[in-house]
Amino acid sequence: MKIERPLSHMFLASAVVLAGAGSVAADELNLYTSREPGLVDPLLQAFTESTGIKVNTVFLKDGLAERVASEGASSPADLLMAVDAGNLADLVDKGLTQPVDSEVLTAAVPENLRDPGNQWFALSMRARVVYAAKDLDLDAITYEDLADPKWKGKICIRSGQHPYNTGLISAFLGHHGAAETETWLTGLKANLARQAGGGDRDGAKDILGGICDIAVANSYYVGLMRSGKGGDEQRAWGDGIKVVLPTFKDGGTHVNISGAAVAKHAPNKEQAVKLLEFLVSDEAQKIYGEANYEYPVKAGAALDPIVASFGELKVDPTPLTEIVKNRKEASELVDKVGFDN
Amino acid sequence: MGKTRPLRLRAGGWVLAGLVIAALVIAPIAALFWQAVQGSDGLWSHLGRNVLPHALGQTAILMTGVGVLVAGIGTSMAWLVTAYDFRGRRVLEWALLLPLAVPTYIVAYAYLDLLHPLGPVQSAIRTVLGYDSPRQFRLPDIRSMPGAIVLLSLVLYPYVYLPTRAMFMTQAANLVEVARTLGTSRRHIFWRVAVPLARPAIAVGISLALMETLNDIGASEFLGVRSLTISVYTTWVTRSDLPGAAQIALAMIVLVVALVSLERWARRHQRYSISAQRARTFAPAPLRGGAALAAFGLGFLPVLFGFIVPATFLAVEAWKRFQFAGLSDRLLIEARNSFVISAAATVAVLLCGLVLAYGARAFPQRAMLAAQRVSTLGYAMPGTVLALGVLIATASLDRLIDRTAQEWFGLSTGLLLMGSGVGLGYAYLARFLAISVGSIEAGLARIPRSFDQAARTLGQGVTGTLWHVHLPLSKAAIAAAGLLVFVDCMKELSATLLLRPLNFETLATHLYGEAARGTYEEAALAALAIVAVGILPVVLLARVGRKP
Chain A
23 MKIERPLSHM FLASAVVLAG AGSVAADELN LYTSREPGLV DPLLQAFTES
73 TGIKVNTVFL KDGLAERVAS EGASSPADLL MAVDAGNLAD LVDKGLTQPV
123 DSEVLTAAVP ENLRDPGNQW FALSMRARVV YAAKDLDLDA ITYEDLADPK
173 WKGKICIRSG QHPYNTGLIS AFLGHHGAAE TETWLTGLKA NLARQAGGGD
223 RDGAKDILGG ICDIAVANSY YVGLMRSGKG GDEQRAWGDG IKVVLPTFKD
273 GGTHVNISGA AVAKHAPNKE QAVKLLEFLV SDEAQKIYGE ANYEYPVKAG
323 AALDPIVASF GELKVDPTPL TEIVKNRKEA SELVDKVGFD N
Chain B
151 MGKTRPLRLR AGGWVLAGLV IAALVIAPIA ALFWQAVQGS DGLWSHLGRN
201 VLPHALGQTA ILMTGVGVLV AGIGTSMAWL VTAYDFRGRR VLEWALLLPL
251 AVPTYIVAYA YLDLLHPLGP VQSAIRTVLG YDSPRQFRLP DIRSMPGAIV
301 LLSLVLYPYV YLPTRAMFMT QAANLVEVAR TLGTSRRHIF WRVAVPLARP
351 AIAVGISLAL METLNDIGAS EFLGVRSLTI SVYTTWVTRS DLPGAAQIAL
401 AMIVLVVALV SLERWARRHQ RYSISAQRAR TFAPAPLRGG AALAAFGLGF
451 LPVLFGFIVP ATFLAVEAWK RFQFAGLSDR LLIEARNSFV ISAAATVAVL
501 LCGLVLAYGA RAFPQRAMLA AQRVSTLGYA MPGTVLALGV LIATASLDRL
551 IDRTAQEWFG LSTGLLLMGS GVGLGYAYLA RFLAISVGSI EAGLARIPRS
601 FDQAARTLGQ GVTGTLWHVH LPLSKAAIAA AGLLVFVDCM KELSATLLLR
651 PLNFETLATH LYGEAARGTY EEAALAALAI VAVGILPVVL LARVGRKP
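Taken in order, these protein sequences are the chains called A and B.
Numbering of the first sequence is given in our numbering, commencing with residue 23 and proceeding in unit increments.
Numbering of the second sequence is given in our numbering, commencing with residue 151 and proceeding in unit increments.
Please keep in mind that the hints were generated in silico from the structure rather than gathered at the bench.
Some hints could be false.
Stated by the list, open to error - List time: in silico DSSO-like cross-link candidates among lysine-lysine, alpha-carbon distance up to 30 Å:
#, chain 1, residue 1, chain 2, residue 2
1, A, K83, A, K271
2, B, K470, A, K251
3, B, K625, A, K156
4, A, K156, A, K308
5, A, K358, A, K320
6, A, K116, A, K176
7, A, K296, A, K174
8, B, K470, A, K264
9, A, K116, A, K172
10, B, K625, A, K83
11, A, K116, A, K264
12, A, K83, A, K358
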């Protein structure tokens with residue numbers, strides 16, 4: 023008997039999953055997310071509390087599109103949640119989504135932050151910013167400046183192939199074209215204090231560790247560090263730096279998004295749309311700010327005080343759809359200049 | 151005539167089973183092949199110009215470095231605890247296996263933190279030297295190729311140590327006795343007798359360690375090493391080019407297969423089994439005083455750096471976290487999920503491994519040998535890529551079942567295989583079969599052929615011989631294989647992430663979910679749990695291994 027127990031648990035679990043996958047009537051929905059559970063859970067809890075709809079989740083890092091595509095018409099997936107506009111566009115390109123006709127969504131999410139055919143909607147924004155050593159005399163900087171030889175040996179950044187960086191490089195391509203972008207990347211590479219790699223927080227940590235003076239990283243990490251949610255050690259990293267919102271010379275600050283789309287074969291479409299609408303509600307937008315220090319997509323939603331302290335965000339006007347198109351070229355340029363080597 | 155027929159029938163059963171298993175491993179690779187031929191415009195010219203020159207060089211340096219280090223540490227430690235007797239040897243015997251419990255991505259993260267300019271080591275050095283800022287004094291960055299080689303070797307050497315020690319313990323005994331009678335010194339015995347005899351075990355160990363190296367993404371990412379695996383990953387994820395990624399991955403398999411075949415070809419004329427007389431136990435030379443202390447110190451080093459340091463780091467971080475946020479009950483459920491799926495997969499992997507290893511011994515026909523070779527392919531490709539192949543293969547079957555059920559019974563089954571975790575177990579099987587086949591094969595190779603013949607003469611069939619002769623004699627090797635597979639399943643990340651059912655978190659996916667958003671501290675408890683669970687089978691194995 024003892025031996026059989028775990029097995030019976032497994033069958034029970036699978037039966038529950040199957041039931042969830044097969045039935046439409048049950049008041050629940052299935053979420054495939056490439057956003058980390060730690061970020062999504064507070065939102066889902068609030069949703070379940072206010073609607074009584076249960077959310078089954080699976081967190082996938084890469085391969086969200088491949089999984090849904092392979093599962094085809096049998097897929098239990100209702101809502102697909104992803105970071106980076108490129109990943110959302112991929113879902114649409116592969117025919118895995120369906121349009122959503124909802125006034126709540128179109129009213130809350132500005133036009134430049136959703137798919138033209140309403141296949142996906144942005145739910146939060148993050149800016150690609152510069153962290154600088156606290157005592158450094160630096161109040162403003164452009165992305166173009168990062169290639170200036172005066173920063174030689176002073177910049178930290180993660181792998182050029184990371185979506186956060188290919189997004190930024192794609193935007194650069196949109197502003198300046200391929201030749202100039204290649205020169206810029208070569209210049210930036212020459213300025214690196216260490217090999218490109220690690221995560222965005224390592225930038226702050228390495229500034230404090232004396233390895234570099236400035237680092238390119240996402241805005242919300244500062245909130246996570248400074249709030250003390252990661253413990254005292256990280257508060258020290260966050261307090262050891264200041265945030266400068268860089269801009270393009272002829273534009274604004276590069277932002278990327280997290281968002282979601284309803285799956286083409288969603289068995290519980292109605293519930294999926296309900297969750298989407300909940301995620302752009304004032305309540306949920308506030309959680310996005312508080313739990314992860316992101317910028318809300320809904321106009322007028324309040325910023326977290328830490329995020330507000332970075333100064334006013336002037337979003338670069340390059341449309342997300344154009345950034346998405348340049349992704350492959352950006353990635354190949356990274357290889358070409360040997361950015362990560 | 152009456153005698154050959156039943157024998158051939160039984161051979162048919164074994165060969166058929168072997169071919170089915172091989173087909174299971176081939177299916178995901180075939181799915182990838184199908185992806186690869188969809189074509190990817192301009193991929194290879196881009197790779198050839200901009201990526202391969204660097205990535206190939208880096209991969210070669212990494213593999214050579216790790217190969218040399220794991221062979222050196224693994225073989226010398228196996229010899230140390232077999233050939234010499236000193237205080238603490240019994241403890242070292244199993245303690246040397248402990249680094250197996252530490253995944254590469256965890257060891258990389260731990261040392262990155264410990265050796266960072268802000269970490270305890272450099273802070274202490276600065277205090278001693280009287281500097282007050284890391285801007286005045288810093289040690290070289292560990293995020294480098296040498297750093298990666300050393301860190302990976304620290305946790306991968308047990309792959310060599312484990313089979314090599316088993317080989318030394320049983321196999322070498324007789325011949326070492328002979329060599330000693332002839333007046334050969336211990337050092338010479340090591341180089342001239344023990345190492346050549348243990349070569350199959352060392353080779354299997356090195357190839358396992360190298361394939362782990364080749365498949366590693368987490369540690370390489372942390373340490374800034376741009377290997378081929380990273381190129382596969384970039385092609386797929388950043389450029390959304392699955393066909394391209396599949397092409398590179400398949401090219402890598404060809405490379406690995408070539409390497410493994412080369413090694414087998416190099417020792418094609420050698421036979422390694424001992425004579426039928428009762429194997430003597432190895433009589434180790436006693437060491438006393440300073441020599442004993444030095445021996446213990448030497449054997450303790452890999453344990454210290456491969457296990458104690460990273461595990462202590464995790465324990466301290468986990469304790470800090472525990473005080474800060476308490477223990478979540480999710481952790482228990484995740485631990486159970488990890489354990490159940492890993493244990494189930496281990497049983498399947500061992501059974502299939504036994505069929506292939508023993509089948510190829512009993513019926514060394516072309517089909518059986520081919521099935522055995524093919525079955526190890528899954529281990530030779532990056533876990534993420536293999537997982538994609540499994541996904542495509544399993545989900546297609548699932549859809550077929552669903553459609554059929556709807557047509558025949560008007561009832562939707564949903565995703566039967568994916569939804570129940572069978573898809574995930576399948577991925578573990580396809581990936582880790584190489585470990586069990588390799589280890590069991592090495593164990594069986596030590597059993598003299600004359601035993602098979604004797605058992606047959608006494609009226610046992612092929613299966614009876616396995617049951618009464620080979621299983622009891624290769625118990626230790628099978629247990630070793632089970633241990634390696636189980637711990638590997640517990641640590642496995644990429645397939646687990648991609649293929650698990652809804653609401654099914656394991657320790658590894660939890661850990662990854664936190665690490666991916668940079669909140670490593672949240673993951674310390676899960677990481678510690680993975681390491682702790684990994685210790686259990688190590689201890690179990692040590693007990694089995696003691697009475698070979």
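Hints versus structure:
With a CA separation close to 34 Å, the supplied pair K83(A) and K271(A) exceeds the 30 Å bound. Only pairs whose Cα atoms come within 30 Å are accepted, and K470(B) paired with K251(A) is accepted, the gap being roughly 13 Å. Straight-line distance between C-alpha atoms of K625(B) and K156(A) comes to about 62 Å, which puts the hinted pair past the 30 Å bound. With a C-alpha separation of about 29 Å, the suggested pair K156(A) and K308(A) falls inside the 30 Å cut-off, and the hint holds.
For the suggested pair K358(A) and K320(A), the alpha carbons sit about 39 Å apart, so the restraint of at most 30 Å is broken. Under the criterion of a C-alpha separation no larger than 30 Å, the hint pairing K116(A) with K176(A) is inconsistent with the structure, at around 41 Å. With a CA separation close to 51 Å, the supplied pair K296(A) and K174(A) exceeds the 30 Å bound. This hinted pair checks out: K470(B) and K264(A) have alpha carbons roughly 27 Å apart, not beyond 30 Å.
With a C-alpha separation of about 45 Å, the suggested pairing of K116(A) with K172(A) is violated against the 30 Å cut-off. Note on K625(B) and K83(A): the hinted pairing is violated, with a Cα-Cα distance of about 39 Å set against a maximum of 30 Å. The hinted pair formed by K116(A) and K264(A) fails the criterion: a straight-line CA distance of about 41 Å is larger than 30 Å. In summary, the hint linking K83(A) to K358(A) is supported, as the alpha carbons are separated by about 26 Å, within the 30 Å threshold.
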